[in-house]
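Top to bottom, those sequences are chains A and B.
Using this note's numbering, the first residue of the first sequence is number 1, and each one after it goes up by one.
Using this note's numbering, the first residue of the second sequence is number 1001, and each one after it goes up by one.
What the hints contain is simulated information worked out from the structure, not anything from laboratory work.
Keep in mind that the hints are not guaranteed to be accurate.
[To be verified] In silico SDA-like links for lysine to any residue, alpha-carbon gap of 20 Å or less: (1) B:1031 - A:207; (2) B:1031 - A:127; (3) B:1031 - A:367; (4) A:367 - A:249; (5) A:336 - B:1024; (6) A:336 - A:226; (7) A:214 - B:1006; (8) A:367 - B:1005; (9) B:1031 - A:232; (10) A:214 - A:405; (11) B:1031 - A:233; (12) A:405 - B:1031; (13) A:405 - A:249; (14) A:405 - B:1013; (15) A:405 - B:1029.
[Claimed, not checked] Chain B regions said to be covered by chain A (calculated; three or more residues, Cβ under 8 Å): (16) 1010-1021; (17) 1029-1037.
Note that CB positions come from ideal geometry on N, CA and C, so glycine has one too.
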Amino acid sequence: MLLVGGTTGKYFSEKGGVRDPKAVILSRKVESKELVEILQGLFAGVAGITWQHVVMWILGLGLIYLGVQKNYEPLLLVPIGFGAVMANIPFSGAVGEGEPLTLLLRIGVLTELFPVLIFVGVGAMCDFGPLLRRPEVMLMGAAAQIGIFGTIIVATLLGFPIAQAAAIGILGTADGPTTIYVASLYAREILPALALAAYSYMALTPLIMPPIIKALTTAEERRIRMTYVEGPEVSRTVRLVFPLLVVLVAGIIAPVAVPLVGFLMLGNFLRECGVTERLNKSAQNELINIVTLLLGLTIGGSMTAENFLNLASLGVMALGLVAMIFATAGGLIIAKVMNSFLKVKINPMIGAAGISAFPMAGRVVAKMALAEDKQNYLLMQAMAVNISGQLCSVIAGVVVIAIIKVVLGA
Amino acid sequence: MAEPLSLALQIAIVGLPVMLVVIAIFILLAKALLLVFPHRRDKDSGARHEVKPAEKPAVST
Chain A
1 MLLVGGTTGK YFSEKGGVRD PKAVILSRKV ESKELVEILQ GLFAGVAGIT WQHVVMWILG
61 LGLIYLGVQK NYEPLLLVPI GFGAVMANIP FSGAVGEGEP LTLLLRIGVL TELFPVLIFV
121 GVGAMCDFGP LLRRPEVMLM GAAAQIGIFG TIIVATLLGF PIAQAAAIGI LGTADGPTTI
181 YVASLYAREI LPALALAAYS YMALTPLIMP PIIKALTTAE ERRIRMTYVE GPEVSRTVRL
241 VFPLLVVLVA GIIAPVAVPL VGFLMLGNFL RECGVTERLN KSAQNELINI VTLLLGLTIG
301 GSMTAENFLN LASLGVMALG LVAMIFATAG GLIIAKVMNS FLKVKINPMI GAAGISAFPM
361 AGRVVAKMAL AEDKQNYLLM QAMAVNISGQ LCSVIAGVVV IAIIKVVLGA
Chain B
1001 MAEPLSLALQ IAIVGLPVML VVIAIFILLA KALLLVFPHR RDKDSGARHE VKPAEKPAVS
1061 T
């Protein structure tokens, strides 16, 4: 390689000595050939752009737009969108053997590590107090999980293999980490689409739930007032024993799902025990923030055009919507059924808050109640059901994992 | 198609009741815990009282 002497016009070798001009001309011919190759290499990225890349950029930028401008799940949609853009630049150094996003996918998602770490944070954020005051609200949380099984059947009818159909069904929990956990066990091929569907529909809860609720309730039902009577505080012993019991019982039923429920309840125990305040705060802040960033980036990084732009992904996205509709309707219908047995009627809209999208589902219901009647405050009741939905979605995930393990022998 | 569909139906037929039973177990466990370890009375507020909250909860996932 020659070094050009700038304004002096002299040619120097790398060692600094003056070279023979003939040799310089000869070298220049060789050099110009190399230059063409270098330029070709430099512009290979431009030549490598395909329409699929452009579609994925638009998708990635769209997710960033939804996060930044519309404030829809920005903590997830921004890193997912950014990851998708990075992964879909031709010859991107962010993805591929040994590259950062692929490495994160292997160590964090395919090992199920990121979802379970997120569960520590979610557990630390969950106050099971309202649920423990009235454990029967779990019935509405349970009803909202019925959509899982309906979606599994629909997915099978559309031609998805049974393991993938089961993972798609979990979209009905509206629970991102549980969806990713089950997908990483049984449906790695469609994991990016599943993760995107889970978080997108969770972000779109305020748009998806109201039409379903309005279609299934009368204005009179939506105006039912519920007086919130704050009962006596749940004792500390109950708050401490409950998470431990959940781990033991769920773990015995489905040992394979111990990480799922165990990490969630560990987070909750850190919150409730009162002697691990630093760990509790770390779980609620640093841990969940860091892992959310890495998870979002990884999911975005796995959304390469060749992985994502296919009929299966479109099917997953469509089925995700079906699952959300089933889930919202399930909780709401059970609340209406409960009403036929209750003397003091409940507002059936709180049943729809049984989906796990916390706290959006609860807020949507409370907002709808206020829109119908400015004095109808349902926030606390809806949040109790929403929290129960969080727990029930994990239990539903545990049950599906256990059954799939038996059915597939996996 | 027939075999996956039959498996899906099996999962639904078994899974749904199992899930409901497991959740019922948790409801009963929670009720039992509340019986064994009764509610703690809030010394300041005394008896039950009505609350009409208008604030959003601080937590957000």
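Each hint tested on the structure:
no. : hint           : result
1   : B:1031 - A:207 : violated, 36 Å
2   : B:1031 - A:127 : holds, 17 Å
3   : B:1031 - A:367 : violated, 31 Å
4   : A:367 - A:249  : violated, 36 Å
5   : A:336 - B:1024 : holds, 19 Å
6   : A:336 - A:226  : holds, 14 Å
7   : A:214 - B:1006 : violated, 34 Å
8   : A:367 - B:1005 : violated, 40 Å
9   : B:1031 - A:232 : holds, 15 Å
10  : A:214 - A:405  : violated, 38 Å
11  : B:1031 - A:233 : holds, 14 Å
12  : A:405 - B:1031 : violated, 31 Å
13  : A:405 - A:249  : holds, 18 Å
14  : A:405 - B:1013 : holds, 16 Å
15  : A:405 - B:1029 : violated, 26 Å
16  : 1010-1021      : holds (count 9)
17  : 1029-1037      : holds (count 6)
Of the numbered hints given earlier, the model fails hints 1, 3, 4, 7, 8, 10, 12, 15; all others are met.
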